[in-house]
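K.L.:
Residue numbers (the numbering used here), protein chains in the order written: chain A, 1 to 210; chain B, 1 to 210.
I should point out that these hints are in silico values taken from the structure, not numbers from a laboratory. Keep in mind the model is a prediction, meaning the values are calculated, not measured. Do not rely on the hints blindly, as some may be mistaken.
Put simply, identical chains are the same to the list, so a pair is met inside one copy or across any two.
[What the hints assert, rightly or not] Calculated pairs, DSS-like style, for lysine-lysine (alpha carbon to alpha carbon, straight line, at most 30 Å):
1) Lys208 with Lys154
2) Lys208 with Lys141
3) Lys208 with Lys102
4) Lys102 with Lys154
5) Lys208 with Lys105
6) Lys141 with Lys105
7) Lys128 with Lys154
8) Lys200 with Lys128
9) Lys105 with Lys128
Now for the letters of each chain:
There are 2 protein chains.
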Amino acid sequence: MPHILITSGPTREYLDPVRFLTNGSSGRMGRALAAAALRSGCEVTVVSGPVEIAYPPQAEVIPVVSTAQMLAACQAVFPHCDGLIAVAAPCDYRPLEVRPQKIAKTGRPLHLELVETPDIVVALAEGKRGQWIVAFALETKDRRLRAAQKLHRKRCDLIVANGPSAMHGPDTEVEVLDPQGQVVAQLSGPKEEVALGIFKLIRQRLMKSP
Amino acid sequence: MPHILITSGPTREYLDPVRFLTNGSSGRMGRALAAAALRSGCEVTVVSGPVEIAYPPQAEVIPVVSTAQMLAACQAVFPHCDGLIAVAAPCDYRPLEVRPQKIAKTGRPLHLELVETPDIVVALAEGKRGQWIVAFALETKDRRLRAAQKLHRKRCDLIVANGPSAMHGPDTEVEVLDPQGQVVAQLSGPKEEVALGIFKLIRQRLMKSP
Chain A
1 MPHILITSGP TREYLDPVRF LTNGSSGRMG RALAAAALRS GCEVTVVSGP
51 VEIAYPPQAE VIPVVSTAQM LAACQAVFPH CDGLIAVAAP CDYRPLEVRP
101 QKIAKTGRPL HLELVETPDI VVALAEGKRG QWIVAFALET KDRRLRAAQK
151 LHRKRCDLIV ANGPSAMHGP DTEVEVLDPQ GQVVAQLSGP KEEVALGIFK
201 LIRQRLMKSP
Chain B
1 MPHILITSGP TREYLDPVRF LTNGSSGRMG RALAAAALRS GCEVTVVSGP
51 VEIAYPPQAE VIPVVSTAQM LAACQAVFPH CDGLIAVAAP CDYRPLEVRP
101 QKIAKTGRPL HLELVETPDI VVALAEGKRG QWIVAFALET KDRRLRAAQK
151 LHRKRCDLIV ANGPSAMHGP DTEVEVLDPQ GQVVAQLSGP KEEVALGIFK
201 LIRQRLMKSP
């Protein structure tokens with residue numbers, strides 16, 4: 001039974017015990033992809049940041065908070081998997097300093113120094129041994145070009161390009177690009193249907209027939 | 001019929017179209033207080049930041065995203081209300097500059113300048129004409145002292161002090177302080193029960209008997 005790792009949801013990078021940086025990812029696309037993979041008879045592990053939605057009960061779910069925690073959880077699971085679908089929106093900057101107490105307001109501006117978090121897909125691609133990787137790219141500008149660049153930099157087999165409007169709602173609109181930069185699919189509609197379309201492509205192009 | 005304004009949930013302060021500062025407020029305590037007020041026969045307006053929970057259908061809900069939007073919505077409603085329960089956790093810093101496109105990673109640190117957002121309770125207290133105000137204070141240190149200071153600065157009638165552990169879960173633990181700095185109640189348990197306890201205090205101490 002193929003074992004698929006899915007990263008899902010946002011991560012959080014805390015400034016202090018209360019405030020954090022994040023994004024509006026809801027985990028809905030990750031849930032839809034987990035359901036599509038389970039329907040195809042795959043074993044599914046979801047490494048998920050904090051979300052309010054519930055994943056399919058047949059999936060193994062590993063909850064994490066920060067990007068570093070998401071990476072560590074993935075590094076433990078990925079060697080045992082056949083492929084990765086990286087649909088999470090990990091917070092890619094973290095405050096250099098995390099204050100142990102809630103920062104009290106002073107009336108003055110607060111200077112925050114942010115540093116980049118590790119790129120989960122890049123890190124997993126470095127250690128891959130025959131596994132396929134499908135990543136999502138969220139872009140607000142030059143979507144197709146930037147997604148193609150990400151596919152190469154992150155050594156993916158397919159990349160799914162979408163925009164911020166897809167981040168929270170029930171519907172989405174995506175383009176799937178292959179390593180030649182070709183748009184191999186344009187899918188739109190409810191996330192459940194788009195996930196079935198993406199998973200069909202994965203099965204056809206990346207999964208060995210039994 | 002008394003009309004009560006409840007602020008609830010977190011707010012978001014965006015850096016760019018994807019990333020934002022926020023906190024883990026879920027809106028559950030706001031929902032519980034709305035239900036308690038409705039049960040007492042009050043009319044309820046909830047001004048809420050982005051949450052996944054659903055408020056009681058009998059409450060009027062005004063959804064907002066940022067702290068400035070929350071303040072503007074409250075300023076429109078509060079003059080027609082008898083009292084305010086400020087349980088929202090508005091983001092109290094915002095990026096000075098909001099980038100129109102997603103900030104691309106460069107490998108270098110990102111300096112972010114944050115400025116304070118307006119304090120919603122202070123702003124509403126300035127314009128109050130006989131309305132009562134109950135605010136929540138989330139503190140990680142010197143909880144009782146800081147809550148008492150906030151009560152005075154924000155000209156509240158009661159203040160409910162809690163900690164970050166209360167922010168997301170089903171349960172909470174609070175202390176209610178009066179303007180003399182006296183702890184008038186210590187309540188813990190499911191948020192629905194704690195909300196009933198808080199609302200009972202509001203009825204006894206702040207609401208005119210019909």
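K.L.:
State the violated hints by number, sorted upward, taking the hints as numbered earlier in the document.
P.N.:
Checked against the structure, the hints that fail are numbers 2, 3 and 5, while the rest are satisfied.
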